[in-house]
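Undergrad: Chain residues, written in single-letter form:
Number of protein chains: 2
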Amino acid sequence: MNRIHRSKRSWTTRRDAKAKRMAKLERVVNGKIIPTDKIVEALEAVIAPGDRVVLEGNNQKQASFLSKALSKVNPEKVNGLHMIMSSVSRPEHLDIFEKGIARKIDFSYAGPQSLRMSQMLEDGKLIIGEIHTYLELYGRLFIDLTPSVALVAADKADRSGNLYTGPNTEETPTLVEATAFRDGIVIAQVNELADELPRVDIPGSWIDFIVIADQPYELEPLFTRDPRLITEIQILMAMMTIRGIYERHNIQSLNHGIGFNTAAIELLLPTYGESLGLKGKICRHWALNPHPTLIPAIETGWVESIHCFGGEVGMEKYIAARPDVFFTGKDGSLRSNRALSQVAGQYAVDLFIGSTLQMDRDGNSSTVTIGRLAGFGGAPNMGHDPRGRRHSTPAWLDMITSDHPIAKGKKLVVQIVETFQKGNRPVFVESLDAIEVGKKANLATAPIMIYGDDVTHVVTEEGIAYLYKANSLEERRQAIAAIAGVTPIGLEHDPKRTEQLRRDGLVAFPEDLGIRRTDAKRSLLAAKSIEELVEWSEGLYEPPARFRSW
Amino acid sequence: MNRIHRSKRSWTTRRDAKAKRMAKLERVVNGKIIPTDKIVEALEAVIAPGDRVVLEGNNQKQASFLSKALSKVNPEKVNGLHMIMSSVSRPEHLDIFEKGIARKIDFSYAGPQSLRMSQMLEDGKLIIGEIHTYLELYGRLFIDLTPSVALVAADKADRSGNLYTGPNTEETPTLVEATAFRDGIVIAQVNELADELPRVDIPGSWIDFIVIADQPYELEPLFTRDPRLITEIQILMAMMTIRGIYERHNIQSLNHGIGFNTAAIELLLPTYGESLGLKGKICRHWALNPHPTLIPAIETGWVESIHCFGGEVGMEKYIAARPDVFFTGKDGSLRSNRALSQVAGQYAVDLFIGSTLQMDRDGNSSTVTIGRLAGFGGAPNMGHDPRGRRHSTPAWLDMITSDHPIAKGKKLVVQIVETFQKGNRPVFVESLDAIEVGKKANLATAPIMIYGDDVTHVVTEEGIAYLYKANSLEERRQAIAAIAGVTPIGLEHDPKRTEQLRRDGLVAFPEDLGIRRTDAKRSLLAAKSIEELVEWSEGLYEPPARFRSW
Chain R
1 MNRIHRSKRS WTTRRDAKAK RMAKLERVVN GKIIPTDKIV EALEAVIAPG
51 DRVVLEGNNQ KQASFLSKAL SKVNPEKVNG LHMIMSSVSR PEHLDIFEKG
101 IARKIDFSYA GPQSLRMSQM LEDGKLIIGE IHTYLELYGR LFIDLTPSVA
151 LVAADKADRS GNLYTGPNTE ETPTLVEATA FRDGIVIAQV NELADELPRV
201 DIPGSWIDFI VIADQPYELE PLFTRDPRLI TEIQILMAMM TIRGIYERHN
251 IQSLNHGIGF NTAAIELLLP TYGESLGLKG KICRHWALNP HPTLIPAIET
301 GWVESIHCFG GEVGMEKYIA ARPDVFFTGK DGSLRSNRAL SQVAGQYAVD
351 LFIGSTLQMD RDGNSSTVTI GRLAGFGGAP NMGHDPRGRR HSTPAWLDMI
401 TSDHPIAKGK KLVVQIVETF QKGNRPVFVE SLDAIEVGKK ANLATAPIMI
451 YGDDVTHVVT EEGIAYLYKA NSLEERRQAI AAIAGVTPIG LEHDPKRTEQ
501 LRRDGLVAFP EDLGIRRTDA KRSLLAAKSI EELVEWSEGL YEPPARFRSW
Chain E
1 MNRIHRSKRS WTTRRDAKAK RMAKLERVVN GKIIPTDKIV EALEAVIAPG
51 DRVVLEGNNQ KQASFLSKAL SKVNPEKVNG LHMIMSSVSR PEHLDIFEKG
101 IARKIDFSYA GPQSLRMSQM LEDGKLIIGE IHTYLELYGR LFIDLTPSVA
151 LVAADKADRS GNLYTGPNTE ETPTLVEATA FRDGIVIAQV NELADELPRV
201 DIPGSWIDFI VIADQPYELE PLFTRDPRLI TEIQILMAMM TIRGIYERHN
251 IQSLNHGIGF NTAAIELLLP TYGESLGLKG KICRHWALNP HPTLIPAIET
301 GWVESIHCFG GEVGMEKYIA ARPDVFFTGK DGSLRSNRAL SQVAGQYAVD
351 LFIGSTLQMD RDGNSSTVTI GRLAGFGGAP NMGHDPRGRR HSTPAWLDMI
401 TSDHPIAKGK KLVVQIVETF QKGNRPVFVE SLDAIEVGKK ANLATAPIMI
451 YGDDVTHVVT EEGIAYLYKA NSLEERRQAI AAIAGVTPIG LEHDPKRTEQ
501 LRRDGLVAFP EDLGIRRTDA KRSLLAAKSI EELVEWSEGL YEPPARFRSW
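Just so you know, the sequences run in chain order R and E.
By the count of the working numbering, the first sequence reaches residue 550 at its end, each step adding exactly one.
By the count of the working numbering, the second sequence reaches residue 550 at its end, each step adding exactly one.
Same shape as in the complex, but just chain R:
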């Protein structure tokens, strides 16, 4: 043993650094409370140049008071930060890079800021670490991206720092756990200080400081889709999906994302789905945000359980009145959890269905298009076949096409798209823009959202391609081309081959599923407006003002 050099070092450098920074704040704070007007000063005291900082903000909930404060620190004191953010959503998220406060970013989604971000990348104003799916980014917080500082948001705190997040628990516990337990500093903005909390979502011993925000944290009603805007093409695709996928494969548990296509499915379950006699037989368990468009299905008894990534503005009272369906706390309000819902959405559901902006002839898809480096949020996590899965369900087993003694099932990964986007841009393309964008941004690999060999079904207004049945890449291509309409890829299809694929069950047109295109009417929607959703909810759903038209 003696010949081996034992490292002479302190084993408490992180803890010591934290104590030093905490001491700097002593004269500013009152117990755990940072006075609202001292927040910039406080951030300057606890954040050091080059620090790894996790700033809460996903597709919904934003630590907006703290992000604004961070954009006001003196770049001579705080600079070169390495930011970790699920989502780049607010202008100041990029302002901090403009000002030199931050330098590098690891993220999952940059939808609202993707144009500006691409520009800044080109101008050398920021460095992209990597693009992740949410769960992957959370995983790295415990491996090689452990933060020095976490800036998070909650509804209420008590003086011991216990946090109440209400329905929007989201990713807060995960960000805090990674930081608090490796001697990082956790600062939580809260809307309110309370003597007693309705429930504790995060223990006070994990939280270093709280600050009362000057206004409530930003919360985006991202999952609210106005049924008024659902088109008959979307209704047709929804009917095909219910008939040709959900019923055919006996889908018990599933995830729906954002979008009008899936909103249409939700609103057809109590009408078209009911007419097929499917209630209680399919779509019983869900991993999704509390979509208002799911209210009629819930009210008619379709839904046994819903676990949520986050909340949805206006759904609070409705959820609190439906505890049999939603995960709620003793206080009655929703408990969401983005990390655990992503785990459930990856491993424990039969089906993921999502949309895309571009798909190539092999079925690879991406929402990254020229000039937009958007990232993908949760789609890559839920839109793949989790090869660690070992439990079976009827739907999963139904994907087996081989008689090999160790053949296993597959998760259903469905892409639902119209063949053309708005502006007459084809969705089915020769080559994904993502390849060019990836090269330009110096990404090590092209930013693909979902890989073609993970996709089991593609639905368009033309029909369904049952890709899991394809025996070769060539057959997969033919099936995609058969439903790709008059896009460049669709025009490649061979009509004779398509007839064969229909006979072999690799492609189904609406008529093959017993669906008349003329039946796809808006009158089939269980609710045709936000107002009708409110009615369905018995007045419990309170849509944000911008969705009210009455």
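It is worth saying that the hints were derived from the structure and are not from the lab.
Pairs count within a copy or across copies, as identical chains cannot be separated in the list.
In silico DSS-like cross-links for lysine-lysine, where the CA-CA straight-line distance does not exceed 25 Å:
id, residue 1, residue 2
1, K156, K330
2, K18, K330
3, K20, K8
4, K469, K408
5, K408, K439
6, K156, K68
7, K279, K8
8, K8, K317
9, K528, K8
10, K281, K8
11, K330, K24
12, K439, K410
13, K317, K330
14, K72, K20
15, K104, K439
16, K317, K18
17, K104, K440
18, K408, K104
19, K104, K281
20, K330, K20
21, K77, K38
Fit chain E to the known structure of chain R by using the hints.
TA: Just chain E now, kept in the frame of chain R:
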């Protein structure tokens, strides 16, 4: 809207059922505290026939007081339970099935009880739901396996029910979250009631009842490997792994499981690894239990961070003194988290390395052998290529063998095995026992631990097969046969073809890696005994009595 049948139902059936059960306990409990000697009566009051009950118990920590109590309830009152258990480890875990208290089980691992379990299955005394990897089972708790009752274990509680788990946080928060937030009943056994807790690991508002156990919960020192038992063959394989995989592919982050093969690697880093100049260059971030055999690597400065699934008996003081490396709380002790560490181990590390009992010619492997229905714990989750991963690392990119514009990297999944098990049974076999066992147990698919097409490398005492380089199944088979020794599979190899594979880099023998078999000596181990590990730890590591020989 009127034409649609709105369901007339109560939306609070779960909450009402809980209130009713809680009321039954009123005369027994003192606040949240169930008197120790009333636990059987209490379980009879809150558990109803047919309930879904999650009982904590994984490969280490067991809610042993509660499992014993459950085995003592009156089967006329409580019967037909559907148990959800990470691990079937203790005799009473199966006694409850013998007695009819439970009927069905969903689980992840049944190592210690696998023989008896197989027998009981054959005798019709239990029904297996499904076999899962841990993370998958946790996911289902939020979808279709939400428990009515959770029975968990912690170190300490206060009178409000706040829990302190100490280093063994493990899966407790996840089981509790799934139960508490869907109106299930949570009962925690604790070793001690305290006025003040060192820290809060789980908030009291999530816990319904606590009970002081008659003795501390069982904790298995599962990850302690006595260096005395490490053989020179294992040392040879460890040298090959360090040289031919970790160094070659620039492995920064990794998971090691249980076993002497990986213990040997850990003990060679400070000696052989150092001699190769690799310190600080590889193996910096780890997802693993706190293996005592990693102490010398930590002490010599190899290890930057470790996130743990659970704790390890005897490592408490050592961990508390090394907070720069481990995730620890304000109280100084480890914070583990099985669910989050599995997420990290799946998505955020370069490499998984594990062992198996059988591997077929295609590289499929399983630890399920005739008569033993063992399950796999975390191996399927970490031993596959997570296709939702979008971030790149040098090692991940190094697995790319195609020049396709959307080619992506791969996680390294390494199987390290000697060609023969003890008892001279070949590891490389024509057909996995798992196929027969699966049929006999009526499983829908064969219980495979790791699928061959996920395996990137196989290491034996003969050499390394670089399977990720194989262009066809036939080439993969040849590479496996080349290192399968004199097993039935190994005997199939064609010596000429093997030479070609060596030249092409698909196979490496020790001499191809610059390793002399005669150098693989026990003197290379940084510690040759538990006693030396204690020395390395400066006396902080306190091995359990059974590992002490001095």
